[in-house]
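Protein sequence lines correspond, in order, to chains L and S.
Residues 204 to 316 in the working numbering are what the first sequence lists, from first letter to last.
Residues 362 to 475 in the working numbering are what the second sequence lists, from first letter to last.
Don't read these hints as lab results, they were simulated from the structure.
Hints are supplied without guarantee of correctness; some may be wrong.
Stated by the list, open to error - Okay, the calculated bits of chain S under chain L, using three or more residues with CB under 8 Å as the criterion:
#	stretch
1	406 to 417
2	460 to 470
Unchecked claim - As a list, the in silico SDA-like pairs of lysine to any residue whose alpha-carbon atoms are at most 20 Å apart:
#	chain 1	residue 1	chain 2	residue 2
3	L	LYS308	S	ALA449
4	L	LYS308	S	GLY420
5	L	LYS245	S	PRO369
6	L	LYS245	S	GLN402
7	L	LYS266	L	ALA256
8	S	LYS418	S	GLY401
Claimed, not checked - From chain L, some residues computed to sit far from chain S (all C-beta separations above 12 Å):
#	residue
9	GLN209
10	LEU216
11	ASP242
12	THR252
13	THR270
14	LYS271
15	THR305
Note that the Cβ used here is the ideal one computed from N, Cα and C, for glycine as well.
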Amino acid sequence: EDQVTQSPEALRLQEGESSSLNCSYTVSGLRGLFWYRQDPGKGPEFLFTLYSAGEEKEKERLKATLTKKESFLHITAPKPEDSATYLCAVRTGGGGSNYKLTFGKGTLLTVNP
Amino acid sequence: GAGVSQSPSNKVTEKGKDVELRCDPISGHTALYWYRQSLGQGLEFLIYFQGNSAPDKSGLPSDRFSAERTGGSVSTLTIQRTQQEDSAVYLCASSLVGGVTEAFFGQGTRLTVV
Numbered sequence: 204e205d206q207v208t209q210s211p212e213a214l215r216l217q218e219g220e221s222s223s224l225n226c227s228y229t230v231s232g233l234r235g236l237f238w239y240r241q242d243p244g245k246g247p248e249f250l251f252t253l254y255s256a257g258e259e260k261e262k263e264r265l266k267a268t269l270t271k272k273e274s275f276l277h278i279t280a281p282k283p284e285d286s287a288t289y290l291c292a293v294r295t296g297g298g299g300s301n302y303k304l305t306f307g308k309g310t311l312l313t314v315n316p
Numbered sequence: 362g363a364g365v366s367q368s369p370s371n372k373v374t375e376k377g378k379d380v381e382l383r384c385d386p387i388s389g390h391t392a393l394y395w396y397r398q399s400l401g402q403g404l405e406f407l408i409y410f411q412g413n414s415a416p417d418k419s420g421l422p423s424d425r426f427s428a429e430r431t432g433g434s435v436s437t438l439t440i441q442r443t444q445q446e447d448s449a450v451y452l453c454a455s456s457l458v459g460g461v462t463e464a465f466f467g468q469g470t471r472l473t474v475v
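All chains should be modelled from the sequences, with the hints used to inform the complete structure.
Rendered as structure tokens:
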């Protein structure tokens with residue numbers, strides 16, 4: 204069974220204090236790892252897709268990286284508006300089920316001014 | 362439309378009543394998904410549509426749950442005889458092509474069964 208574990212569950216940073224969120228996964232046949240941001244009362248907002256180990260994607264203060272066992276979401280000099288829950292999801296191959304996303308429980312990030 | 366639209370945003374219903382949740386996907390997206398998000402839990406897959414067909418309904422929790430999609434567009438998730446454990450946020454997502462492109466989510470419907 205595919206498993207996705209995110210850590211830490213919650214992270215509190217001061218504005219400008221860089222850090223990383225972790226997403227470790229155990230899957231058979233990775234067909235994509237996805238990062239989403241979710242604000243309270245809203246649906247998840249797509250951030251990145253990573254497909255192969257060594258791949259990196261960047262967007263503003265966020266950079267996502269991927270290895271064979273985990274992904275990191277690096278946040279550089281965060282601002283209070285980066286506060287949100289960050290969700291990691293994997294899509295795996297096999298049969299006709301390579302459309303389904305398996306999500307972790309998320310990391311709640313709070314950035315204090 | 363510009364994004365995935367879900368209605369209603371909030372729904373409070375009495376235990377035992379039926380509810381219908383609606384999802385209007387991004388125009389042109391052939392794949393549509395329903396997920397459920399309960400407090401403290403990750404997003405749980407419910408059902409996947411490719412066009413009007415649902416090749417995978419394996420995530421539906423019980424036979425009280427059903428969904429349909431018409432015209433390759435709007436989808437309705439129906440929960441019959443609601444129970445308190447059905448209380449959750451129901452999220453709909455669509456993607457241009459199932460299993461290939463990224464999925465975009467709506468804002469969700471918060472269902473409360475009292």
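Here is how each hint holds up against the structure:
1. Residues of the stretch 406 to 417 of chain S lying with their CB closer than 8 Å to a CB of chain L number 5, which satisfies the three-residue condition for coverage.
2. Counting residues of the stretch 460 to 470 of chain S whose C-beta sits closer than 8 Å to any C-beta of chain L gives 8, which meets the bar of three, so the coverage hint holds.
3. Between LYS308(L) and ALA449(S) the alpha-carbon distance is near 15 Å, which keeps this suggested pair within the 20 Å criterion.
4. The suggested pairing of LYS308(L) with GLY420(S) holds, with an alpha-carbon distance near 17 Å, which does not exceed 20 Å.
5. Taken as a hint, the LYS245(L) and PRO369(S) pair is honoured in the structure, with Cα atoms around 13 Å apart against an allowance of 20 Å.
6. With a CA separation close to 16 Å, the supplied pair LYS245(L) and GLN402(S) stays within the 20 Å bound.
7. Among the hinted pairs, LYS266(L) with ALA256(L) is consistent with the structure: their alpha-carbon atoms are about 14 Å apart, no more than 20 Å.
8. The hinted pair formed by LYS418(S) and GLY401(S) fails the criterion: a straight-line CA distance of about 24 Å is larger than 20 Å.
9. Under the 12 Å C-beta cut-off, the non-interface status given to GLN209(L) relative to chain S is violated; the minimum distance is some 9 Å.
10. Consistency note on LEU216(L): stated as away from chain S, and its beta-carbon is indeed over 12 Å from all of that chain's, at 22 Å minimum.
11. Distance check on ASP242(L): its Cβ comes as close as 10 Å (rounded) to a Cβ of chain S, failing to clear the 12 Å threshold; non-interface status is violated.
12. With a least CB separation of 5 Å from chain S, THR252(L) falls inside the 12 Å interface cut-off, contrary to its annotation.
13. Separation of THR270(L) from chain S is adequate, the least Cβ-Cβ distance of about 21 Å exceeding the 12 Å criterion.
14. Listed as outside the interface, LYS271(L) is consistent with that label: its C-beta sits roughly 21 Å from the nearest C-beta of chain S, beyond the 12 Å cut-off.
15. With a least CB separation of 7 Å from chain S, THR305(L) falls inside the 12 Å interface cut-off, contrary to its annotation.
Checked against the numbered hints above, the structure breaks hints 8, 9, 11, 12 and 15 and satisfies the rest.
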